[in-house]
Amino acid sequence: MSELAKLERRRRAIYGWLLLSPAAILLSLFAFYPSIATLWSSLFSRGTRRHPVEFVGVENYTDLFADPTFWIVVKNNLFYAGITVPLSMFIALSMALWANSKISAKGFVRTAYFTPTVLPMIAAANLWLFFYTPGLGVLDQIGSLFGLPSVNWLGQPETALWAIIIVTVWKESGFFMIFYLAALQTIPEDLREAVDIEGTSRWTYTRRIVLPMLMPMTLFIGVNAVINSVKLIDHLFILTKGGPSDASKLILYYIWEQAFAFFDTPHAAALTMMVLLVLGIVAAVQFYFIDRRTHYQ
Amino acid sequence: MSGNAFVTMKNIGKRWNGQLGVEGITLDIEEGEFVALLGPSGCGKSTTLRLLAGLEVPDEGQIIIDGIDVTGASAAQRNLSMVFQSYALFPHLSVAENVMFGMKVRRVPKKERLAKMHNALDMTGLHGLEDRKPSALSGGQRQRVALARAIVAGRKLCLMDEPLSNLDAKLRAAVRKDIKKLQKDLGMTIVYVTHDQTEAMSMADKVVLMKDGLIEQTGTPEQLYSEPLNTFVAEFVGAPPMALIKGTALQGYADDQTIGIRAEKMRLAPEGGRMACTVTDCEFLGAETFIGLAHESANGLTIKLDGKAHMEIGSKVEITFEDKDLHVFGPTGKRMNNIT
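Each protein sequence line maps, in turn, to chains X and W. Take 53 as the starting number for the first sequence in our numbering and just add one per residue. Take 699 as the starting number for the second sequence in our numbering and just add one per residue.
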């Protein structure tokens, strides 16, 4: 290789690293370093005046596995994800298909569906608090018209998690609908016309053409929905605070509680590491699939 | 109008928000005929095709296909196939699945489906590409997949919306021949939209020339070329188009008439020609050379010379022609004489 080509290659390498460095520095400072620090502190005991901090290995983790509350929280979160993810995606897709069809007031429909997303989660939770409040709430008011008894939706273990799930679905569907709408608009109109000429029903067109072409977006939304099911807990602070008797407690809320209510940082750190691991796997799966099977055009 | 044409469009009109789409489209198409809808962009040729396909509903008029009134019928009920300008291939399906899609939804048995698919791929020279996705095909191959899809549908009427406009010139000429051959072999009736007059003239049995939503002339390519009904047709058809000369410039014609003449009917006159012009450009095409000429009361004067001929740009030449080769158009641009 000539001197000139070598120089050019080196110049390009330096150029590339320079472009990467701002993101690399920020990520190292605010993501990689905290993660490693968390891992590190999860391996030490909680320091008190009488017992100084000492290295305990995986004891914090085994503590958690032995703690029944931990399992309740894990079960709650799995159930929460298992309902909110498919349900909000299904509603989002239905709304997008409808809002993308030839209807009048299309703009109004889209805006209406998107409104919950614009609201801050805290505001949304307050809104729903007004729906759920026993006696005064809208749900009870409507129920009393039909002679139904007052129900404390947020205050009983059987309904608390469901009440939380409904708020989340209500909030997330509109957001995912925007993604689906964007994907739907990239499907050329003449595909529908080609299918019309073949004499295909609307349903077959949706099932055989639209849904497969939405697959990449579905995958993307799915992964985001799973991550959100761990991430989105603002409404718990307003609605239930995880109660009653841990019935609506989710993992991130549990972590917050451990760290800032009970000041048990080592256990909180151990929990955080487990969440990171699971979400890391989810993200890896997403990238694996996106690289493999989503290049249609 | 004969009552037993295969496809009949009667006085079709379509407007959008008061704006003109097409107006008074009346057209008869015989079975097995190759009809080209020709015109500049925005002339309504694609609208006419979409009305015929059932993708648009006409505001007025009647469409009859194969003896059945389909004016209000859906696209599926019209029993036709269509090749789109963009090909409209399904990007997530392989070539084979794309071709078989229609048969699959119509629940054609698998054996028949495969046989028809292979047959269509043979005809279009796509063998060996069955498992490719459209994104892994070249433009010409995609175009042939679209053709194969139209072939397997087995419909008598096939509509094509500028199917060659995304191909390069050489490929276009090749596919043009393929389409023509397929049409003959399968006995299909084809309605073909194009803005390229060469395409229309070389392929069609009947050309329908449109402008601003109206049909200007319907006829065989030969009729459009040698008997243009008005100055628009004269200037649109033929390469190079017909030259138009103001009546004032020639002896024996009224001042408000326009005289048309084809490039091949003009000759250079050593002296005493009928018009004196200036050479503006010189286009060598191998077998012939077209010399562009300028004259103050003529438009698009071009003279065809055999072989290679060179003329200095800016030089003066005299041209002459026979009266019998002239097309005379009246003040409104309508044709007045008949060429013998």
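Hint data in this document are derived by calculation from the structure and do not stem from the laboratory. Some hints could be false.
Calculated lysine to aspartate or glutamate pairs in the EDC-like style (CA-CA distance at most 20 Å, straight line) [said to hold, decoys possible]:
#, chain 1, residue 1, chain 2, residue 2
1, X, K127, X, E106
2, W, K963, W, E914
3, W, K909, W, D883
4, W, K1032, W, D866
5, W, K1032, W, D1004
6, X, K283, X, D298
7, W, K875, W, E810
8, X, K154, X, D242
9, W, K831, X, D298
10, W, K854, W, E914
11, W, K944, W, E920
12, W, K802, X, E309
13, W, K944, W, E828
14, W, K708, W, E914
15, X, K154, W, E925
16, W, K854, X, D248
17, W, K854, X, E245
18, W, K802, X, D298
Non-contacting residues of chain X with respect to chain W, defined by C-beta distances greater than 10 Å in every case (computed) [what the hints assert, rightly or not]:
#, residue
19, L56
20, V108
21, D115
22, S156
23, K158
24, G159
25, T169
26, P201
27, L243
28, A246
29, V247
30, I249
31, G251
32, T252
33, S253
34, L284
Simulated DEER-style distance windows between Cβ atoms [stated by the list, open to error]:
#, chain 1, residue 1, chain 2, residue 2, range
35, X, F82, W, K868, 55 to 65 Å
36, W, Q783, X, L200, 36 to 46 Å
37, X, I155, W, R830, 33 to 43 Å
Just so it is clear, the structure is predicted and the values come from calculations on it, not from any experiment. Where is the CB? At the ideal position from N, CA and C, for every residue including glycine.
Now for the hints, and whether the structure bears them out:
Pair hint X/K127 plus X/E106 does not hold up; C-alpha atoms about 31 Å apart against a cutoff of 20 Å. Under the criterion of a C-alpha separation no larger than 20 Å, the hint pairing W/K963 with W/E914 is inconsistent with the structure, at around 24 Å. Restraint check: the Cα-Cα separation between W/K909 and W/D883 comes to about 32 Å, which exceeds 20 Å; the hinted pair is violated. With a C-alpha separation of about 36 Å, the suggested pairing of W/K1032 with W/D866 is violated against the 20 Å cut-off.
Proposed proximity of W/K1032 and W/D1004 is contradicted: the alpha carbons are some 32 Å apart, above 20 Å. Proximity of X/K283 to X/D298 is assessed by CA-CA distance (about 18 Å); at most 20 Å being required, the pair is judged to hold. Restraint check for W/K875 and W/E810: the C-alpha separation of about 28 Å exceeds 20 Å, so the hint is violated. Distance hint between X/K154 and X/D242 is fulfilled; the C-alpha atoms sit about 15 Å from each other, no more than 20 Å.
Restraint check for W/K831 and X/D298: the C-alpha separation of about 52 Å exceeds 20 Å, so the hint is violated. At roughly 27 Å between alpha-carbon atoms, W/K854 and W/E914 are farther apart than 20 Å, so this suggested pair is violated. With a C-alpha separation of about 25 Å, the suggested pair W/K944 and W/E920 falls outside the 20 Å cut-off, and the hint is violated. With a C-alpha separation of about 57 Å, the suggested pairing of W/K802 with X/E309 is violated against the 20 Å cut-off.
A C-alpha spacing of about 59 Å is found between W/K944 and W/E828, which places the hinted pair above 20 Å, so the restraint is violated. At most 20 Å may separate the alpha-carbon atoms for a hinted pair to count; W/K708 and W/E914 meet this at roughly 16 Å. Note on X/K154 and W/E925: the hinted pairing is violated, with a Cα-Cα distance of about 46 Å set against a maximum of 20 Å. Between W/K854 and X/D248 the CA atoms are separated by roughly 17 Å; this keeps the pair inside 20 Å, and the hint holds.
For the hint pairing W/K854 with X/E245, the CA-to-CA distance comes to about 19 Å; that is within 20 Å, so the pair holds. At most 20 Å may separate the alpha-carbon atoms for a hinted pair to count; W/K802 and X/D298 exceed this at roughly 53 Å. At the 10 Å boundary, the C-beta of X/L56 stays outside the reach of chain W, the nearest C-beta of that chain being 37 Å off. With a minimum CB-CB distance of about 53 Å to chain W, X/V108 clears the 10 Å threshold, and the non-interface call stands.
Residue placement check: X/D115 keeps its beta carbon more than 10 Å from all beta carbons of chain W (closest about 49 Å). Taking the minimum C-beta to C-beta distance to chain W, about 15 Å, the non-interface status of X/S156 holds against the 10 Å cut. Every Cβ of chain W is farther than 10 Å from the Cβ of X/K158; the closest lies at roughly 17 Å, confirming the non-interface assignment. The beta carbon of X/G159 is kept farther than 10 Å from every beta carbon of chain W, the shortest such distance being approximately 19 Å.
Annotated as non-interface, X/T169 keeps its C-beta farther than 10 Å from every C-beta of chain W; the closest such distance is 29 Å. Listed as outside the interface, X/P201 is consistent with that label: its C-beta sits roughly 52 Å from the nearest C-beta of chain W, beyond the 10 Å cut-off. Taking the minimum C-beta to C-beta distance to chain W, about 5 Å, the non-interface status of X/L243 is violated against the 10 Å cut. Not every beta carbon of chain W lies more than 10 Å from that of X/A246, the smallest distance being close to 4 Å; the non-interface claim is violated.
The claim that X/V247 is not at the interface with chain W is violated, since a C-beta of that chain comes within 10 Å of its own (minimum 8 Å). Listed as outside the interface, X/I249 is inconsistent with that label: its C-beta sits roughly 5 Å from the nearest C-beta of chain W, within the 10 Å cut-off. With a least CB separation of 3 Å from chain W, X/G251 falls inside the 10 Å interface cut-off, contrary to its annotation. With a cut of 10 Å on Cβ distances, X/T252 falls inside the contact zone with chain W, its closest approach being about 5 Å.
The claim that X/S253 is not at the interface with chain W is violated, since a C-beta of that chain comes within 10 Å of its own (minimum 8 Å). Taking the minimum C-beta to C-beta distance to chain W, about 32 Å, the non-interface status of X/L284 holds against the 10 Å cut. The beta-carbon spacing between X/F82 and W/K868, approximately 58 Å, falls within the hinted interval of 55 to 65 Å. Remark: the range hint 36 to 46 Å for W/Q783 to X/L200 is contradicted by a beta-carbon distance near 60 Å.
Between X/I155 and W/R830 the C-beta distance comes to about 38 Å, which sits within the given range of 33 to 43 Å.
In the structure shown, a violation is registered for the earlier hints numbered 1, 2, 3, 4, 5, 7, 9, 10, 11, 12, 13, 15, 18, 27, 28, 29, 30, 31, 32, 33, 36, in ascending order.
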